[in-house]
Amino acid sequence: MITQRQAFAVAAVAALFLVMAVSFIGVPWPTTQHEIPVVNTTAPGGNGIANSLFQTYAIALILIGIILAAAMVGGVYLAKMEGGKIGP
Amino acid sequence: MIPLEWELVLSALLFGIGLYGVLARKNAIMVLMSLEIVINAALLNFVAFSSYSGDASGQVFALLGIAVAAADAAIGLAIFLSIYQTHGTVDMDRVRFLRW
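Here the protein sequences come in this chain order: S and R. In terms of this note's numbering, the first sequence has 42 at position 42, counting the first letter as 1, and numbering is strictly consecutive. In terms of this note's numbering, the second sequence has 59 at position 59, counting the first letter as 1, and numbering is strictly consecutive.
Don't read these hints as lab results, they were simulated from the structure. Watch out, some of these pointers could steer you wrong.
[What the hints assert, rightly or not] Selected chain R positions facing chain S (Cβ under 7 Å, derived; list incomplete):
#	residue
1	L8
2	L23
3	A67
[What the hints assert, rightly or not] Negatives, chain S to chain R, calculated, CB over 12 Å:
#	residue
4	Q33
5	T42
6	P44
[Said to hold, decoys possible] Here are the computed distance ranges between Cβ atoms for each label pair:
#	chain 1	residue 1	chain 2	residue 2	range
7	R	D91	S	A15	26 to 34 Å
8	S	R5	R	D55	20 to 28 Å
9	S	T42	R	L23	47 to 55 Å
10	R	V68	S	Q6	25 to 33 Å
11	R	D72	S	Q55	26 to 34 Å
12	R	I17	S	M1	17 to 25 Å
13	S	H34	R	R99	44 to 52 Å
14	S	V76	R	I2	25 to 33 Å
15	S	T56	R	Y84	40 to 48 Å
Positions of the beta carbon are idealized from the N, C-alpha and C atoms, including for glycine.
Throw the hints in and build the complete structure from the sequences for me.
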């Protein structure tokens, strides 16, 4: 049993997928794959993932930690809310 | 070695599956899971382009994106739990108090 909503969603998603897939094919993408090490301890500014994570994006890592802590507190508050009614 | 086009098409397919779930599903938990599929499609693009350009930044952003996806899954589940306790359903057609 396919409802009208599912039919519309399938049509819209199929059209979007076709447009995206056609636009991806035929573009001169890079063809050589490089292996990225997890951590490069030989050079100070190495090309490893951990070098980039803890040096270039250290501020972003701290902000993600704050977001996770806030999400944990908010989730516990919402889940343990007693008596309060969400919405009208 | 997989060409980059295949990964992009796979990512577009994942995005389409997730978007269909967001548009057509009625259960809020299913919508949340479909949203995770959409996020993972974007992260797959990050990792693919990072691997082909030799720059680690894309994989770092993928790690940070996984953390953000975990945070919004936790918040979404808590909100739906609270809505279920007060309204008795998480059907997206019947929970209408955020629409005008």
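Here is how each hint holds up against the structure:
1. L8: Hint on R/L8: holds, closest Cβ of chain S at ~4 Å, below 7 Å.
2. L23: Where the cut-off is 7 Å and the nearest Cβ of chain S is about 4 Å from R/L23, the hint holds.
3. A67: holds, 5 Å
4. Q33: About 6 Å separates S/Q33 from the closest Cβ of chain R, which leaves it inside 12 Å; violated.
5. T42: The claim holds: S/T42 sits with its nearest Cβ about 15 Å from chain R, beyond 12 Å.
6. P44: Label holds. Min Cβ-Cβ 15 Å, cutoff 12 Å.
7. R/D91 to S/A15: 26 to 34 Å: Taking Cβ atoms as reference, R/D91 and S/A15 lie about 28 Å apart, which means the hint holds.
8. S/R5 to R/D55: 20 to 28 Å: violated, 42 Å
9. S/T42 to R/L23: 47 to 55 Å: 50 Å Cβ-Cβ, so the 47 to 55 Å window holds.
10. R/V68 to S/Q6: 25 to 33 Å: holds, 30 Å
11. R/D72 to S/Q55: 26 to 34 Å: holds, 27 Å
12. R/I17 to S/M1: 17 to 25 Å: holds, 20 Å
13. S/H34 to R/R99: 44 to 52 Å: The hint (44 to 52 Å, Cβ to Cβ) holds, given that S/H34 and R/R99 are roughly 48 Å apart.
14. S/V76 to R/I2: 25 to 33 Å: Cβ of S/V76 to Cβ of R/I2: about 42 Å, so the range 25 to 33 Å is violated.
15. S/T56 to R/Y84: 40 to 48 Å: Roughly 42 Å apart at Cβ, these two residues keep to the hinted range, so it holds.
Of the numbered hints stated above, those contradicted by the structure are hints 4, 8, 14, listed in ascending order.
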